[in-house]
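Chains as they are written, first to last, in the working numbering: chain A, 1 to 230; chain B, 1 to 467.
Any given hint could turn out to be false.
[To be verified] Label-pair ranges, simulated between beta-carbon atoms:
| no. | chain 1 | residue 1 | chain 2 | residue 2 | range |
| --- | --- | --- | --- | --- | --- |
| 1 | B | Val32 | A | Lys214 | 50 to 56 Å |
| 2 | A | Phe48 | B | Pro25 | 52 to 58 Å |
| 3 | A | Gln222 | B | Lys44 | 26 to 32 Å |
| 4 | B | Phe459 | A | Thr19 | 25 to 31 Å |
[What the hints assert, rightly or not] In silico SDA-like cross-links for lysine to any residue, where the CA-CA straight-line distance does not exceed 20 Å:
| no. | chain 1 | residue 1 | chain 2 | residue 2 |
| --- | --- | --- | --- | --- |
| 5 | B | Lys9 | A | Gly139 |
| 6 | B | Lys38 | A | Leu216 |
| 7 | A | Lys132 | B | Asn41 |
| 8 | A | Lys218 | B | Leu6 |
| 9 | B | Lys37 | A | Ala94 |
| 10 | B | Lys44 | A | Gly197 |
| 11 | A | Lys214 | B | Arg275 |
| 12 | B | Lys9 | A | Asp178 |
| 13 | B | Lys38 | A | Gly197 |
| 14 | B | Lys21 | A | Ile133 |
| 15 | A | Lys69 | B | Asn41 |
| 16 | B | Lys44 | A | Met175 |
| 17 | B | Lys38 | A | Asp178 |
| 18 | B | Lys9 | A | Gln222 |
[To be verified] Beyond 12 Å from chain A on every Cβ pair, some chain B residues (computed):
| no. | residue |
| --- | --- |
| 19 | Ile12 |
| 20 | Gln14 |
| 21 | Leu15 |
| 22 | Leu22 |
| 23 | Pro25 |
| 24 | Tyr36 |
| 25 | Ser39 |
| 26 | Phe49 |
| 27 | Tyr159 |
| 28 | Val174 |
| 29 | Thr244 |
| 30 | Val246 |
| 31 | Thr334 |
| 32 | Phe343 |
| 33 | Arg464 |
It is worth saying that the hints were derived from the structure and are not from the lab. Fair warning: this is a prediction, and the values are worked out from it, not measured in the lab. Note that the Cβ used here is the ideal one computed from N, Cα and C, for glycine as well.
Each chain, letter by letter, is given below.
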Amino acid sequence: MNDNLRIALAGNPNTGKSTLFNLLTGLKQHTGNWAGKTVDLMAGTFTFKGISYEMIDLPGTYSLFSNSKDEEVARDYIVFEKPDITLVVLDATALERNLNLALQVMEITEKVVICINLIDESEKMGISINEKILMKRLGVPVIKISARNKIGIPMLLDTIDRLIKGNIPCNPYKMTYDEETEMKIEQLIPFVQNITGEQLSARWLSLRLIDGDKSLLKEIEQRLAKKDAI
Amino acid sequence: MTSEGLELKNQIQQLTRQAEKLSTPDIRDHIVEQLYKKSNNLMKEGVTFTNAKMDERTEKLDAILTSRIWGFPIMLIMLGAIFYLTIAGANIPSSMLANFFGWMEGYITIAFSYFQAPDWLHGVLVLGLYRGTTWVISVMLPPMAIFFPVFALLENYGYLPRVAFNMDRLFKSVGAHGKQSLTMAMGFGCNAAAVISSRIIESPRERMLSILTNNFVPCNGRWGTLIVLASLFMATGFTGGMQTLVTTLVVVGLVMFGIFVTFIVSWTLSKTALRGVPTHYTLELPPYRKPKLFDTVIRASLTKSISVLNRAVKVAAPAAILTWIIANIQIGDTSILMHIVSFLNPLGQAIGLDGFILMAFLIGLPANEIVLPVLLMGYLSTGALVDVDSIQDLKQIFLTNGWTWLTALNMMLFSLLHYPCGTTLVNIYKETKSLKWTFWSFVIPTGIAFFVTWLVTEFVHYMRLLS
Numbered sequence: 001m002n003d004n005l006r007i008a009l010a011g012n013p014n015t016g017k018s019t020l021f022n023l024l025t026g027l028k029q030h031t032g033n034w035a036g037k038t039v040d041l042m043a044g045t046f047t048f049k050g051i052s053y054e055m056i057d058l059p060g061t062y063s064l065f066s067n068s069k070d071e072e073v074a075r076d077y078i079v080f081e082k083p084d085i086t087l088v089v090l091d092a093t094a095l096e097r098n099l100n101l102a103l104q105v106m107e108i109t110e111k112v113v114i115c116i117n118l119i120d121e122s123e124k125m126g127i128s129i130n131e132k133i134l135m136k137r138l139g140v141p142v143i144k145i146s147a148r149n150k151i152g153i154p155m156l157l158d159t160i161d162r163l164i165k166g167n168i169p170c171n172p173y174k175m176t177y178d179e180e181t182e183m184k185i186e187q188l189i190p191f192v193q194n195i196t197g198e199q200l201s202a203r204w205l206s207l208r209l210i211d212g213d214k215s216l217l218k219e220i221e222q223r224l225a226k227k228d229a230i
Numbered sequence: 001m002t003s004e005g006l007e008l009k010n011q012i013q014q015l016t017r018q019a020e021k022l023s024t025p026d027i028r029d030h031i032v033e034q035l036y037k038k039s040n041n042l043m044k045e046g047v048t049f050t051n052a053k054m055d056e057r058t059e060k061l062d063a064i065l066t067s068r069i070w071g072f073p074i075m076l077i078m079l080g081a082i083f084y085l086t087i088a089g090a091n092i093p094s095s096m097l098a099n100f101f102g103w104m105e106g107y108i109t110i111a112f113s114y115f116q117a118p119d120w121l122h123g124v125l126v127l128g129l130y131r132g133t134t135w136v137i138s139v140m141l142p143p144m145a146i147f148f149p150v151f152a153l154l155e156n157y158g159y160l161p162r163v164a165f166n167m168d169r170l171f172k173s174v175g176a177h178g179k180q181s182l183t184m185a186m187g188f189g190c191n192a193a194a195v196i197s198s199r200i201i202e203s204p205r206e207r208m209l210s211i212l213t214n215n216f217v218p219c220n221g222r223w224g225t226l227i228v229l230a231s232l233f234m235a236t237g238f239t240g241g242m243q244t245l246v247t248t249l250v251v252v253g254l255v256m257f258g259i260f261v262t263f264i265v266s267w268t269l270s271k272t273a274l275r276g277v278p279t280h281y282t283l284e285l286p287p288y289r290k291p292k293l294f295d296t297v298i299r300a301s302l303t304k305s306i307s308v309l310n311r312a313v314k315v316a317a318p319a320a321i322l323t324w325i326i327a328n329i330q331i332g333d334t335s336i337l338m339h340i341v342s343f344l345n346p347l348g349q350a351i352g353l354d355g356f357i358l359m360a361f362l363i364g365l366p367a368n369e370i371v372l373p374v375l376l377m378g379y380l381s382t383g384a385l386v387d388v389d390s391i392q393d394l395k396q397i398f399l400t401n402g403w404t405w406l407t408a409l410n411m412m413l414f415s416l417l418h419y420p421c422g423t424t425l426v427n428i429y430k431e432t433k434s435l436k437w438t439f440w441s442f443v444i445p446t447g448i449a450f451f452v453t454w455l456v457t458e459f460v461h462y463m464r465l466l467s
């Protein structure tokens, strides 16, 4: 199972994340247990163009601020398990709210694919989404799909394939904040780099710390003490 | 510890100190604001809305239903309307059911004497079990069959998230979570289920608040008690539609008082044992959708009816049998029941109730539904339930046992505020995994129930309001 490339599936609740997961992995699903966490995540496998993938269905969350257990699980997986690709599923009919999560994921990790689900429903509602502009602004592939009606799936798989093979660039947009926050981040980054080196995004970690996230630091301390790579 | 480990510890401590120095409570607001700004910009650039008619309707409705001025009055009116429908609509089916069960009982008794069954068996099974269970069914089932479909319709229409939205500021100001209003709404049905539903609240602190205060919303088991007492004692002197209206107003008033207590308790706890600031959260306001009328109504009334019947058989039946037995077994010259009653009586009198009522609440611990039937069984010397042919008969029983409007009011308040039922307590333990908090979830409401009823009694006596 370790030879597979891992794709983490992130998204708000009720975005059809599980529909996509079921569509891609079919019956090849199992529950996995990661990094000593007592939380089980659904995982499944599929093969595309000779490459096998393991897809992990993260809990549906609105943010990655670790307000809740679910958010912590989703965040920790992306941060510490470092999936090869994080696929963020967005609801086309509520894109604005959903984009928040995509922006947060892109702060943490480099290989991100955004797929905008429920595209058929949103078109019926008169919402037209220009994915090329979004792609340009966000710096990552943006694919419109409908998991329920199997629209855009070949395109999605192809994009994943090309991203893995390094045929398309992926430079996720990094949020910039207001001056005050940015100043604080700058001040904290050297301290963070002292500890974690280049293993994690020092910028993101600094942001989380000035937001008062203590659980994250504890997790890192535990992992470092165990000499685990983080 | 290795020197490496020590160094790591130092570095982390240094980082923590530095982070704490830089961290301010408003930083999350800045972050969220910037995220939303960015999302909004992306939307403006990459997304266009054409014929967004559906959204427009939702927006227009939201402008009214969640407006600062109209939001609350509309909520209150809706709540009142649901209660009115429930109370007015449940009356006739309730008495029809009671008549039907009474008519059945006649035949069952005939059957018992035909088989020459012993008296005690008839007592346990018919006067205890049958009467207790059928009482619960005839009092509880009709209101539930009306309340739940109406409630489910509102929920499916998308109104409930708007209630949460309206209440958010209030809850935040007492340090609780806006979604607590959703778990409270759930509590109207069943506190035990509502305790589980509090999982939707992310932060453990606010989740605990919602669990500890959920009991202040009257559940379906307490409705019957509240409605019956309100219509018997509070709406005297009114008839017909006016009587229903007054009953409704009293019940709405009680619910409001329960919500008020919820706020007080939440506020106190979040300043003391559960200190903290409310967390941010995203509340989904789905578009208004026309509910599937038939589906909703059928499913809501069927599933609820089944669960009410289930409870009646599982919980009410044993309690009814128990009551009959302790009322009929003599120790010395009085029954066990009377021993308990006279033991509890001084305490009961102090809070404007009596020993019988406290005994009924004690036996009613497994399920609130059983409190009123047990009370009636207690009042009747035979230890068996009366026929509930007419609601005025009930009043006569209460009056001969020295009830006044104050007794009724205090019983309603006690019912509203007292400890959660057994099932709820079990669920609280399962959800919190803490004996301590389960204990407090029993003690806090009970303490408040005693205090409020005592205060009301003292006040009424002091003011000489009882003529």
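* Say whether it holds or is violated: Gln14 of chain B keeps its Cβ farther than 12 Å from all Cβ of chain A. => 6 Å, violated
- prompt: Would the pair Lys38 of chain B and Leu216 of chain A pass a check requiring their Cα atoms to be no farther apart than 20 Å?
  reply: Not OK: Lys38 of chain B and Leu216 of chain A at ~25 Å, beyond 20 Å, violated.
Can we confirm that no CB of chain A comes within 12 Å of the CB of Thr244 of chain B? 40 Å, holds
* Once the closest CB in chain A is found, is it more than 12 Å from Val174 of chain B? -> 19 Å, holds
Check your understanding: For Pro25 of chain B, which was marked as not at the interface, is the minimum beta-carbon distance to chain A over 12 Å?
Key -> Answer for Pro25 of chain B: violated, closest chain A Cβ roughly 8 Å.
Evaluate the condition: distance from the CB of Arg464 of chain B to the nearest CB of chain A exceeds 12 Å. Answer for Arg464 of chain B: holds, closest chain A Cβ roughly 54 Å.
Exercise for the section: Could you grab the alpha-carbon distance between Lys132 of chain A and Asn41 of chain B and see if it respects the 20 Å cut-off? Expected result: Satisfied, since the Cα-Cα distance of roughly 15 Å is no more than 20 Å.
Pairwise hint evaluation, Gly197 of chain A against Lys38 of chain B, where the allowed Cα distance is 20 Å at most | Not OK: Lys38 of chain B and Gly197 of chain A at ~29 Å, beyond 20 Å, violated.
Item to complete: Just double-check Ile12 of chain B for me: nearest Cβ-Cβ distance to chain A has to come out over 12 Å.
Response: 5 Å, violated
So Thr334 of chain B supposedly isn't at the interface. Is its beta-carbon more than 12 Å from every beta-carbon in chain A?
55 Å, holds
No chain A beta carbon within 12 Å of Ser39 of chain B's:
Contrary to the label, Ser39 of chain B does not stay out of reach of chain A, its closest Cβ about 4 Å off (not over 12 Å).
Review point. Taking the CB of Phe459 of chain B and the CB of Thr19 of chain A, does the distance hold inside 25 to 31 Å?
Key: 60 Å, violated
Comparing the model with each earlier hint shows violations of hints 1, 2, 3, 4, 5, 6, 10, 12, 13, 14, 15, 19, 20, 21, 22, 23, 24, 25 and 26; every other hint is respected.
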